[in-house]
Structure formats: C-alpha cells, structure tokens
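These are the residues of each chain, in order.
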Amino acid sequence: MLGIADLGILLGYLFTALAFLLCLFYGVMKWKKGYDEKDGDYREEIKWEREEIELIERLP
Amino acid sequence: MVYLIVFVLIYLLITIYLSYLGYRRTVTVSDYLLAGRQMHPVVMAMGYVSTAISTSAIIGFGGISGVYGLGLIWLAFLNIFVGIWVAYVLFGKRTRKMGKALDAHTFPELLGRRYDSRFIQGFSGLVILFFMPMYAAAVLIGISRFVEVYLEVPFATALLGFSLISACYVLWGGLKGVLYTSVFQGTIMIVVMIILGVSTYMLGGGILEAHSALASLTSVVPDALRTAGHQGFASMPVPGSPIWWYVITTMIMGVGIGVLGQPQLSVRFMTVKSDQELHRSIPFAAFFYVSITGVAFTVGALTNVIFYTHYGKLAIDVAQGNIDKIIPLFVDAFFPQWFVALFLVTLMAAAMSTNSGQFHALGTSLSRDFFEQALLRGRSLAETTVVTRIGIVFGIVATLFLGFVLPQSIVAIATAFFFGLCGATFIPAYLFGLYWRRGTKAGAKASMLCGFVVSLLWMLFFHEQESKALGLCKALFGRDSLTGLPLSMIDPQIIALPIGFVVFVVVSLLTAPIREETVRKAFRHI
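So the protein sequences, as listed, match chains A and B. According to the numbering used here, the first sequence is numbered sequentially starting from 170. According to the numbering used here, the second sequence is numbered sequentially starting from 12.
Just chain A, with the same shape it has in the complex (with noise of 0.2 Å):
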C-alpha cells in the first residue's frame, strides 16, 4: 500500500493516525465538559496564581 510493502510499517502509519483520530474524537466528544467549579476553587486558584506570579518575578 502506497508503495510500502512491509507490515511493521503500514501498521506504524496506521496506528500513529487511530491516535491522532482517538485525540480528535475525545476532545470534540469532551468539549464542553469539564468546567465545573468546585466551592473554594476560585480562592484556591487565586492564591495559587499569587505564588505563581512571584515565582516568575525571581526568574531572571
């Protein structure tokens, strides 16, 4: 098939897109799931991001 004879190959070929395929499909299935906040999530967040910022300020 397309000039490829070997087995090992094609079934590279084959596998590598099923996965791009599997990725495609997961992420158009999925979405709009997934934003669901939990209670202290924001506040939780918000401190997190705070360290997060002062963390890159010692980046030079």
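Keep in mind that the hints were calculated from the coordinates and are not lab data. Since the structure is predicted, the reported quantities are computational estimates derived from the model, not experimental observations. The reader is advised that the hints may include incorrect statements.
Said to hold, decoys possible - Pairs of lysine-lysine residues, derived as DSSO-like cross-links and limited to a Cα-Cα distance of at most 27 Å, are as follows:
(1) A:Lys202 with A:Lys216
(2) B:Lys111 with A:Lys201
(3) A:Lys216 with B:Lys479
(4) B:Lys532 with B:Lys456
(5) B:Lys104 with A:Lys199
(6) A:Lys216 with B:Lys532
(7) A:Lys199 with B:Lys456
(8) B:Lys104 with B:Lys532
(9) A:Lys202 with B:Lys532
(10) B:Lys104 with B:Lys456
(11) B:Lys456 with A:Lys202
(12) A:Lys202 with B:Lys104
(13) B:Lys111 with B:Lys485
(14) B:Lys104 with A:Lys216
(15) B:Lys111 with B:Lys456
Model the placement of chain B on the given structure of chain A, informed by the hints.
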C-alpha cells in the same frame, strides 16, 4: 545570507515583543482574573508541543530515521498516544487538580507534597539539575550542526554562537511570558515542517514513487547494518536483532514513554484552569505533534532516496557517519536559500521554546526544590532569587560544556538518555501519586531511588551504548558490557521502570500509610 539576517532579526524582534507582552499580562493577579480564566485551546496545545518538541526531534530523530528507516514512525504513534492522550487524560487532569490542592508549582514540589516528603522534592530537583543539561545540550547541538553546515563555520563556533543567543534570551527575560512566544514558535515549526514534508515527496517524485524508491534501496544497505538486523529503509528491523532492540527500546520507547516523566511538561498541566481547557487542547496538540514529528521521521528516511538519486550515496555516507548532519545537509543541498534560512529560524524556535522550559525547570529545581525545601526545610528567603539565577547559570555552563565534549551523532541518544532516566525515576511515584491513596512515602522514595540507581547501573555496566562510551566497565572488568545480546541492547528504562513499579507497590504495602490529612488534601478535587 540576506535571507538569514532578515528572517532571524524578524524572528528575534517578534519573540522579544511577545515575551514582553506575555510577561506584562501575567504580572498581576487582577490581570489574570480579567483574562477570563480560560486559555485558548490552541495556546495551551502550542505551548505544550513546542516545549516537548525541539531540534532534537527534527535533527536528532530525523537523522536516526535516515539510518534506520521509517520504523521511527512508531515513535510518532507514541508521541500522540502516550505524549498527548495518556499525558493529558490520565496524567494531566489529575495533575492539575492535585497541583492546585497542594499548591504545587514545580514537578518535584507536586511529588514532595503528595508524599509529604522534603527528600523527594529535593532529590527530584537534584536529578533535574544535574541531568537536564544533557538534554539541553542535545537541543543546542541539534541547531549548531545545522549552522555548521549552512554557514560553513566550525561546529564549536556555531555552538558558542547559538549558546550566546540562547543564554541572552534566557537571562534577559526569556523565561517570563513564554505563553505567546511559544505560540509564535510553534506556528513557525508547524508551517515549515509541513512545507518540508510536501517538498520532500515532490523531490522524490510523489508519494508512491518515493516509497518505492526507498524500498528499492534495501540492496545498498551497508553490510554492517544488514548483519545487525537492518532490512531496508521501508521495513522494520529483524525482530529480536540488535538494531530492533535499539530502535524499539531506546529510540521509540525511551522517548515515547519517558515523556510522561518530563518535569517541564508536567508543570504545564498545573497552569491550566479547567479540565475543559485540556479537553479542547487535545486535538490541536495531537495535530501539531504529528505534523512535526511525523514529518521529521518520514523525511529523515526519504533523504536516502534524494541523496542516492543525486549523489549515488546513502544519507549516512553523505553525512560522513554523523547522524546529526543528515537533515542539515539535506535541507542545505536541495532547498532554495530562503527556505534554508527559514528552516534555521524554525530550529531556533524549536530550540528556544524547549530551552525556556528546560532552564525554567533547572532554576526552580535548585532554588525552590533543593535550596528551600531540602536545605532550608521549607523556609523562603529573599536570596532564593539569586539561587534561581545560579541554577540557570549553572545549567547554561553545564550545557555548553557538554555541547563541546559530547561525541558526534549524539542528539537523539542524549535526548533518549534524559527521557529514559526521568521516566524510570519519576513515573511510578507520579502515576501512583495521582491514583493510589495507599502509596506511601517510603514506597515513593524507594521506587525513585531504585529507578534512578538501576538506570545508572544499567548504563554503566550493561547497556553497551553508554557503558562502552563511559569506559568504567572496561576498566573494572575488561569488557564493554557485563552481558551479551540482546540484554546489552535493551534500554535502561525498560529494565528500571518495571522494577520501580514493583518496588513502589511492595514497599508501600509493607510501610505505614501517609497522614490521612495529606491524602485527603491531595485528592480534594478528585
């Protein structure tokens, strides 16, 4: 030369501007809140992929496929399946939640706080500090080989020159505000690699013709490679042969699996605001990844067709045995000057986006993970800023030193070494930390030390690729490896990683659980 100067200047100016813009937008918490708390999925995907992919993938692994053929496509499969899907879905989501719950900002900090252990954080920081320069050197060597070929300057000059550019970038603010720069750098990489892939097939006369020509080169495979298991550039090596073990366990699995234990990548999941950002980013990240590595590995093998048609020689012969020169020589010989200059800019983008992540990890490993946690036992001092800089300068100097002393054909090998070492050391404790509440501090310590020590011992005394180069085995026992085929060809990670998993489970079951409060806190959002 005009193209080169113009493209490099435009690239550097845009990069500096975007760094400034990104930095300005992250300096205050209120800015962050106003930003709507969502990162565009393309931004997240580009940031992740441009950090993961460096000149190593394009020059180093492209060159490896120039020698061993299209079998490297299995690495592209692992890049997408493990490097994206498993990394995002199985590791990323929980890393994000646990990172926030434990207020962790570095990969060693996540492990340290999860297991309530300063030793784990400090030790992880030291592993990164001492071994990351090997990977950073691979990245710099990759671009320097291209500069050497393109500008016809000595390799040492090219290495020193690009290291200076990279050091200036890193030390004058290149580590801040990397978000926008990585998008810019990622875009250049994808566009240029797609052009490279299409043009290479056109040079080969079309897809079918290029593949058929590649298969027909089987008869000219050098005898040394053929006896080691090489069956042609369009075929997998003979199963169980030395080349098969080398390609599968070191080049494909070493990097393909080891990516899960990469500190500069894992930390990116912690900066994400919601699972939704991760979900939406997955298709883009997979597309970007396959567009770059899939093309690099395919083009690498196809260089043989083009070189053989024009020069009557295989790629490795044209490169005079230096695998890292295959892609540079190919691009320099068969593409117009404007594209060669653009390709160099692409390599700069690939090197600088990865270097940012590497030196960020190096600096914080010394200051936050080792200095503050292991030495000061959790205290934070104003001097930490200075220590961060010391860590980064140490990293740059060590990288430069390694760049000069490492041998030829090293880019892919050094990358696989670091990925394998991180994989064996970190993956068991990281994975169990995210999923198994019963995992203990002693289990994590034992698995990390075991993975690290077994990897090093395997490299020093068994895995011939390193043991021969390092020479300790020969000095002590009078031979290059204590074992024969196939064990001497099996990558250290393949041995050390399963041992690490077993040690983690056994030690955890035999030792006291972590404090209930720590576990509850870690799993609060899960």
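To see whether the hints hold, each was checked on the structure:
1. Proximity of lysine 202 (chain A) to lysine 216 (chain A) is assessed by CA-CA distance (about 25 Å); at most 27 Å being required, the pair is judged to hold.
2. At roughly 22 Å between alpha-carbon atoms, lysine 111 (chain B) and lysine 201 (chain A) fall within 27 Å of each other, so this suggested pair holds.
3. Straight-line distance between C-alpha atoms of lysine 216 (chain A) and lysine 479 (chain B) comes to about 50 Å, which puts the hinted pair past the 27 Å bound.
4. Distance hint between lysine 532 (chain B) and lysine 456 (chain B) is fulfilled; the C-alpha atoms sit about 20 Å from each other, no more than 27 Å.
5. Note on lysine 104 (chain B) and lysine 199 (chain A): the hinted pairing holds, with a Cα-Cα distance of about 13 Å set against a maximum of 27 Å.
6. At most 27 Å may separate the alpha-carbon atoms for a hinted pair to count; lysine 216 (chain A) and lysine 532 (chain B) meet this at roughly 16 Å.
7. In summary, the hint linking lysine 199 (chain A) to lysine 456 (chain B) is not supported, as the alpha carbons are separated by about 36 Å, beyond the 27 Å threshold.
8. Taken as a hint, the lysine 104 (chain B) and lysine 532 (chain B) pair is honoured in the structure, with Cα atoms around 16 Å apart against an allowance of 27 Å.
9. Of the supplied pair hints, the one linking lysine 202 (chain A) and lysine 532 (chain B) holds, its CA atoms being roughly 24 Å apart against a limit of 27 Å.
10. Our distance criterion of 27 Å between C-alpha atoms is met by lysine 104 (chain B) and lysine 456 (chain B), whose separation comes to about 24 Å.
11. Pair hint lysine 456 (chain B) plus lysine 202 (chain A) does not hold up; C-alpha atoms about 36 Å apart against a cutoff of 27 Å.
12. As the CA atoms of lysine 202 (chain A) and lysine 104 (chain B) are separated by approximately 12 Å, the hinted pair is consistent with the 27 Å bound.
13. With a CA separation close to 49 Å, the supplied pair lysine 111 (chain B) and lysine 485 (chain B) exceeds the 27 Å bound.
14. Restraint check for lysine 104 (chain B) and lysine 216 (chain A): satisfied, since their Cα atoms lie roughly 19 Å apart, inside the 27 Å limit.
15. For a cut-off of 27 Å, the pair hint linking lysine 111 (chain B) to lysine 456 (chain B) stands: about 23 Å separates their Cα positions.
Comparing the model with each earlier hint shows violations of hints 3, 7, 11, 13; every other hint is respected.
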